[in-house]
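S.K.: Kindly generate the complete structure, drawing on both the sequences and the hints.
As you go down the protein sequences, you meet chains A and B in turn.
For the first sequence, the numbering used here begins at 2 and goes up steadily by one.
For the second sequence, the numbering used here begins at 443 and goes up steadily by one.
These are computed hints drawn from the structure, not numbers from a lab.
Incorrect hints may have been included.
Unchecked claim - Quick partial rundown of chain A residues pointing at chain B, CB under 7 Å, derived from the structure: (1) L48; (2) H91; (3) A150.
All C-beta atoms in this analysis are idealised placements derived from N, C-alpha and C, irrespective of residue type, glycine included.
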Amino acid sequence: MALDLDIRHRQGAFLLDARIRSDGRLTALFGQSGAGKTTLVNAIGGLIRPSQGRIVVNGRVLVDTERGIFVPKHKRRIGYIFQEGRLFPHLNVRQNLLFGRWFTPRRDRATDFEAMVGLLGIGHLLDRKPSTLSGGEKQRVAIGRALLADPQLLLMDEPLASLDEARKAEIYPYIERLRDEGGVPIVLVSHSVAEIARLATSIVVIADGRVTASGPAEEILRHTNLFPQSGPAEAGALIETRVLRHEDAFGLTILQAKAGPLTVPRLDLAPGAPMRVRLRARDIILSLRPPEGLSALNVLPGTISSIDEPDGASVDVTLDCGGDSLVARVTRKSVERLALRPGLAIHAIIKSIAFDREALGRAPVTTDV
Amino acid sequence: MIDWLSPEEWTAVRLSLKVALTAMAASLIPGIAIALILERGRFWGRQALDVIVHLPLVLPPVVVGYFLLLGFGKRGPIGAFLAEHFDIVFSFRWTGAALACAIMGFPLLVRAIRLSIEAVDRKLEDAAGTLGANRVWVFLVVTLPLILPGIIAGMVLSFAKAMGEFGATITFVSNIPGETQTLPSAIYTFTQIPGGEGGAMRLTLVSIAISVAALWMSEWMARRVRRRFLA
Numbered sequence: 002m003a004l005d006l007d008i009r010h011r012q013g014a015f016l017l018d019a020r021i022r023s024d025g026r027l028t029a030l031f032g033q034s035g036a037g038k039t040t041l042v043n044a045i046g047g048l049i050r051p052s053q054g055r056i057v058v059n060g061r062v063l064v065d066t067e068r069g070i071f072v073p074k075h076k077r078r079i080g081y082i083f084q085e086g087r088l089f090p091h092l093n094v095r096q097n098l099l100f101g102r103w104f105t106p107r108r109d110r111a112t113d114f115e116a117m118v119g120l121l122g123i124g125h126l127l128d129r130k131p132s133t134l135s136g137g138e139k140q141r142v143a144i145g146r147a148l149l150a151d152p153q154l155l156l157m158d159e160p161l162a163s164l165d166e167a168r169k170a171e172i173y174p175y176i177e178r179l180r181d182e183g184g185v186p187i188v189l190v191s192h193s194v195a196e197i198a199r200l201a202t203s204i205v206v207i208a209d210g211r212v213t214a215s216g217p218a219e220e221i222l223r224h225t226n227l228f229p230q231s232g233p234a235e236a237g238a239l240i241e242t243r244v245l246r247h248e249d250a251f252g253l254t255i256l257q258a259k260a261g262p263l264t265v266p267r268l269d270l271a272p273g274a275p276m277r278v279r280l281r282a283r284d285i286i287l288s289l290r291p292p293e294g295l296s297a298l299n300v301l302p303g304t305i306s307s308i309d310e311p312d313g314a315s316v317d318v319t320l321d322c323g324g325d326s327l328v329a330r331v332t333r334k335s336v337e338r339l340a341l342r343p344g345l346a347i348h349a350i351i352k353s354i355a356f357d358r359e360a361l362g363r364a365p366v367t368t369d370v
Numbered sequence: 443m444i445d446w447l448s449p450e451e452w453t454a455v456r457l458s459l460k461v462a463l464t465a466m467a468a469s470l471i472p473g474i475a476i477a478l479i480l481e482r483g484r485f486w487g488r489q490a491l492d493v494i495v496h497l498p499l500v501l502p503p504v505v506v507g508y509f510l511l512l513g514f515g516k517r518g519p520i521g522a523f524l525a526e527h528f529d530i531v532f533s534f535r536w537t538g539a540a541l542a543c544a545i546m547g548f549p550l551l552v553r554a555i556r557l558s559i560e561a562v563d564r565k566l567e568d569a570a571g572t573l574g575a576n577r578v579w580v581f582l583v584v585t586l587p588l589i590l591p592g593i594i595a596g597m598v599l600s601f602a603k604a605m606g607e608f609g610a611t612i613t614f615v616s617n618i619p620g621e622t623q624t625l626p627s628a629i630y631t632f633t634q635i636p637g638g639e640g641g642a643m644r645l646t647l648v649s650i651a652i653s654v655a656a657l658w659m660s661e662w663m664a665r666r667v668r669r670r671f672l673a
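M.R.: Laid out in structure tokens, this is it:
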């Protein structure tokens, strides 16, 4: 078990009471600001001492208040990537990168400096001072600095929150490579559904200091009612695809999913590359017959596997399209008018431009459930 | 150049530099420690320590000198103890002048360092901790370099104060040429004797030159430190 945690911590009027067990390669802690996500990672990283409970990382007990165990932060070997980077201003990039390595026992130094610099694309920055770097460059250096200390676990507290969309797009591929190629389990704090849909293999939803849901990313994201705080529009399904071909004349890319081909805006990826796509429940239209004379390019045939309890005027309908599970959010009236029921053959219609640009991310090499 | 000042005047200049540099060097490490304790420490009596450290700033220097005489004089409890067990004598020696100067400059040194400690981003220290540095290392490789400009500023203030200290020094160790007669004491003496105007003026000019040089050097060092932060 990469992370096994059961803590209670009081901070003023706020009470954090969380129990998390996760073996995912990238576990996302999801919730609104003030839900207790940062308090939770601070407890894991040793920046705060929880009032009560225990924290076990990779089988090593870091905190156990009953047995009086509290491993100080400098002995935990947990990498922490902060929202603001926190690079040392008086050291250059190379010295920042090597800071943690200096304190790592020689036998534990496994990460190759040159390889890490290459992976993060920061070779040309080594002699610069942090104050001269852009926000995206700073975060890449911060990631390298944490990893070069060869941590047992990597914490990321909204590492991209202070960056604009372009800078985020610059960092995402690096985090995806760490998730897929690095051996270090990652805990990522985020309040962006699109971000965790792109990156997470497991998700823990936190609200008001409590865990309200946890499990594999595909499962958690499918259930719209797990995200009441972010609005029903954010729910959707995650499906794994591969790039089939590009239609350059139209500026489009065709992806192959189990459900069938999907047409999306042009992606800069080679044919065969894995791609994770998030289909938002509100973007899917259901039709009993194959539609004709319709502008939408994506029509996926399937069957209804289940219909959720109505939530106000709308209902979530889960579909099975050739093995891929999709969720469509439709009105209660449509369910009645079309006489939707489990087992019914149906066509899911999705506009090509409906694909969440941020949620089109490289797929993990294997999906762990 | 050598002829410009009389041998007695040169003695006063050399002695003043020795006293001031000794006072500054001796108070540096205690100054950093006290600044850290006052800024970061949470203990009973912190307020009292704060007041004691700052007393020389508000008390008349003569009063401080008199306290030193009572405490560190030959018959004073601390002075007698140190003389008997460690053979350290302050009264009517240049070391006594250095002690008086160190104590008078101490609040200035502590204040400057404390301000720079207050400005240090503690989050950087947390980050260093997660990278495996224990508290001592964090202080040595993160905190200390970050407060270096404040330390330099404090050292210059301490040095300048020591060069100008008069009241506490003359009260505690008197005005003995070659032993305790620093620049201010020598200038004062020249103004008290007929025909001393020339000597007083010369030593005044030297005093100004040393102060300006110290200020200039601190600016230069501070600029070098700052440049290290900006690549």
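S.K.: Hint validation: A/L48 versus chain B, beta carbon distance must be below 7 Å. Holds or violated?
M.R.: holds, 6 Å
S.K.: May I ask you to test the interface hint for A/A150 with respect to chain B, counting a Cβ-Cβ separation under 7 Å as satisfied?
M.R.: holds, 5 Å
S.K.: Holds or violated: A/H91 as interface residue toward chain B, Cβ cutoff 7 Å?
M.R.: Hint on A/H91: holds, closest Cβ of chain B at ~5 Å, below 7 Å.
Of the numbered hints given earlier, the model fails none.
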